[in-house]
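K.L.:
If you read the sequences in order, they're chains E and Z.
Per the working numbering, the first sequence starts with residue 1, numbered consecutively.
Per the working numbering, the second sequence starts with residue 1, numbered consecutively.
Any given hint might turn out to be false.
Stretch-level coverage of chain Z by chain E, calculated; a stretch enters the list once three of its residues show a Cβ under 8 angstroms from a Cβ in chain E [what the hints assert, rightly or not]: (1) 62-69; (2) 227-233.
Mimicking DSBU-like on lysine-lysine, the simulated pairs with C-alpha atoms at most 35 angstroms apart in a straight line are [said to hold, decoys possible]: (3) K285(E) - K176(E); (4) K135(E) - K227(E); (5) K176(E) - K82(E); (6) K64(Z) - K186(E); (7) K346(E) - K299(E); (8) K234(E) - K186(E); (9) K176(E) - K102(E); (10) K186(E) - K129(Z); (11) K277(Z) - K177(Z); (12) K285(E) - K174(Z); (13) K299(E) - K102(E); (14) K277(Z) - K174(Z); (15) K129(Z) - K64(Z); (16) K102(E) - K64(Z); (17) K240(E) - K82(E); (18) K234(E) - K285(E); (19) K234(E) - K177(Z); (20) K285(E) - K338(E); (21) K174(Z) - K176(E); (22) K174(Z) - K240(E); (23) K82(E) - K186(E); (24) K234(E) - K129(Z); (25) K102(E) - K82(E); (26) K346(E) - K285(E); (27) K322(E) - K102(E); (28) K240(E) - K186(E); (29) K177(Z) - K240(E); (30) K102(E) - K240(E); (31) K240(E) - K135(E); (32) K227(E) - K64(Z).
Keep in mind the hints are simulated off the structure, nothing from the lab.
Note that CB positions come from ideal geometry on N, CA and C, so glycine has one too.
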Amino acid sequence: MTKTPDYFPARNFIDELRRYQKGSVTRRHFLGVTGLGLATAVLGGAVPGLRPRKAYAGLTGTLNVTTWPNYFSQENYDNFTKQTGVPININVFGSNEEMLAKLQAGSTGWDVLVPTNYTISTYKSLDLIEPLDLKLFPNYDPAQQDPRFLGPGTIDGVTYAVPKDWGTTGFIVNTKSTTENPASWKDFFALAQGPLSGKATVHDYQLTTIGSAAKSLGYSFNTVDPKELAEIEKLLVATKPHLFAVTSDYQPAMRNGDAAMAMCWTNDAAQLNRDLPEMSYRLGKDGGEIWVDHYAVIKGAPNRDAAYAFLDFILTPSINAKEIEAHGTPTTDARVLKLLPESILKNPILYPAAGQLSVLEYGAAETLTNPDRAELMARFKSA
Amino acid sequence: MTTTPRPKLVTALLLAPAGLFFVFLLLAPLAVVLLFSFGERAPAGGYVPAFTLQNYMDLPARGKAFFNTLTLAPFGTLLTALFAFPMAYFLAVKTSPGWRVALLILVMAPFWTSQLLRYYAWMMILGNKGIPGWLATLGIADVRIINTPWAVLIGAVYGFLPLMVPPIYVSLEKLDKRLLEASADLGATPIRTFLQVTLPLALPGVATGSMLVFILLMGDYILPQFLGGGKVFFIGNALVDLFLQSRNWPFGAAVSVALVAIMFVTIYVYMRFVLSKSGTRRAALV
């Protein structure tokens, strides 16, 4: 997935988090969050993983972690530095393609990478990430992972990446500005061309925009069939004059009322809904995307030891729970689920009913690198 | 005063920084771009060496982006010049020296804040709750500005005005006021004086400013992305997508080469035109 660019939301997110914690939401909610935050902190101190460990001894240098905006807990990273003496240098990117482009260009000095499911096979085939030595981070337990999310990181039985968080691509509707009740991608595109003309946005991202349009026509999210792509192009080009924008940074437009409906990722939906309850997130009944982000170690990482120590540290359930509480994106780890507050677990945006997920598809590596889809997107954007 | 000829070594050393800069940061990268433009895209994106002209044959696939850029960039430059000229004229001719500095600083002031921040501000001003909202209260409903080419043009004028005003100001400031008096003495109306004396003498400034703005607009992608809402597709946006999204580096390189070629031709023609105009007039006057 593409995350929203870091300039606006990065800062915003922290503010929003503070607001949220200060209780512009209900008092009970507030107590729940802060109370549990405290509880986690106390618990964390009692857990062996948080105390200095032998395994972390002897580490030197800096660790370079390449990830997404708003996607980590600064407190966790600071604690890692306290325990290991290794400072973390964070590189933030806006899309998987940019990360890949940078890595392909060579000598990044990165150690740990956060790739999305559909890029892992590409990284592997380009020999950019190493097969993970699971013995080096015992806090990761595959048996505790939701099996649905174990597939993309494993290639030919070898683990190249371990799950970090997962989410979906649906759409968000401002129920205050429309009485329409879209439930599918078919509804989404019909509304965008009709009653919500001038008030809808789609992603500036080939995978999800073409994929979701494909679902509205009953095709696979990953279609590369020329005939189906031609139909998708017709739909997208016909929709374009009605769109408010083609952008992956849709939170500002949704917040100020310029847009009333937007193609949307889980984490943006959770942030929008937390501040504005009228923001309603829906998954297409006709399908759509499910994604899972991973941790991977760069081949030839300059600080490989620290990279594995970091994986071991961050995947410790109590620490990972703090991670989830900081950025809100759903976890793949059953042990972490048990530590999360009700307010997060009961949020249908973050943890939709399993039935809704069954129709969703993973984006495929071939979809992302398909030249026909890239050209279609360029024609759509310049139409 | 006589000057002794400078030793060759000193000359070489003095020229070295600029020379190295041009070779390693301009010519070498351009050579790489040219080389890549004849290559092929690797299956997963990137570049594999090859020799093909296919990337150049594919250029029409970005024809719309070239067209958008080549219409909006000159139009945006023209609008900026039209806004900048009266400002520069006012500053150089009509303002007292004391005020001049303060006003010039005000012209530059927007540059002190981040460009992104200023575009976000314009997104609010041009958004439906901004100017269109006020117009709606006056009874003019359903005006749409944000995410149209007009919003991009407004952003261009606003964003590039501080680049256009100073060169024109400098030209006008050097203007010998006696020429204006002479023109009036010889019976020319103020309009005629402006058209036949002031404007030709300010033309080099206008040309410099226009070049600055035009070149930046031709390659811009943030402005169309922000104020055009991704619906106004410039060649800069096409390049970003080709290099960072579909990672079709060879095609991206070919598009870059085409862009550079178009810029060279446009700028050459434009400079020839401007120089011929200002050159002859100046010779006639002085």
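K.L.:
For each hint, tell me whether it holds in the structure or not.
P.N.:
So, going through the hints one by one against the coordinates:
1. 62-69: holds (count 4)
2. 227-233: holds (count 4)
3. K285(E) - K176(E): holds (22 angstroms)
4. K135(E) - K227(E): Measuring from Cα to Cα gives roughly 48 angstroms; hence the hint is violated.
5. K176(E) - K82(E): violated (47 angstroms)
6. K64(Z) - K186(E): holds (29 angstroms)
7. K346(E) - K299(E): Since the Cα atoms of K346(E) and K299(E) sit roughly 39 angstroms apart, the hinted pair is violated (cutoff 35 angstroms).
8. K234(E) - K186(E): With Cα atoms ~14 angstroms apart, K234(E) and K186(E) stay inside 35 angstroms; holds.
9. K176(E) - K102(E): Status violated; Cα separation ~42 angstroms.
10. K186(E) - K129(Z): holds (29 angstroms)
11. K277(Z) - K177(Z): holds (21 angstroms)
12. K285(E) - K174(Z): violated (70 angstroms)
13. K299(E) - K102(E): Roughly 14 angstroms between the alpha carbons, so the hint for K299(E) and K102(E) holds.
14. K277(Z) - K174(Z): OK: K277(Z) and K174(Z) at ~18 angstroms, within 35 angstroms.
15. K129(Z) - K64(Z): The given pair, whose Cα atoms are some 31 angstroms apart, holds under the 35 angstroms limit.
16. K102(E) - K64(Z): Given that 35 angstroms is the threshold and the Cα spacing comes to 28 angstroms, the pair holds.
17. K240(E) - K82(E): violated (51 angstroms)
18. K234(E) - K285(E): Status holds; Cα separation ~22 angstroms.
19. K234(E) - K177(Z): Judged against 35 angstroms, a Cα distance of about 62 angstroms means the pair is violated.
20. K285(E) - K338(E): holds (29 angstroms)
21. K174(Z) - K176(E): violated (60 angstroms)
22. K174(Z) - K240(E): violated (51 angstroms)
23. K82(E) - K186(E): violated (51 angstroms)
24. K234(E) - K129(Z): Cα-Cα ~32 angstroms, so holds.
25. K102(E) - K82(E): Roughly 30 angstroms separates the two Cα atoms, so the pair holds.
26. K346(E) - K285(E): holds (21 angstroms)
27. K322(E) - K102(E): Given pair K322(E), K102(E) holds - Cα atoms ~30 angstroms apart, limit 35 angstroms.
28. K240(E) - K186(E): holds (15 angstroms)
29. K177(Z) - K240(E): Distance of about 55 angstroms is beyond 35 angstroms: violated.
30. K102(E) - K240(E): holds (31 angstroms)
31. K240(E) - K135(E): Not satisfied, since the Cα-Cα distance of roughly 51 angstroms exceeds 35 angstroms.
32. K227(E) - K64(Z): holds (23 angstroms)
The structure is inconsistent with the numbered hints 4, 5, 7, 9, 12, 17, 19, 21, 22, 23, 29, 31, although it conforms to all the rest.
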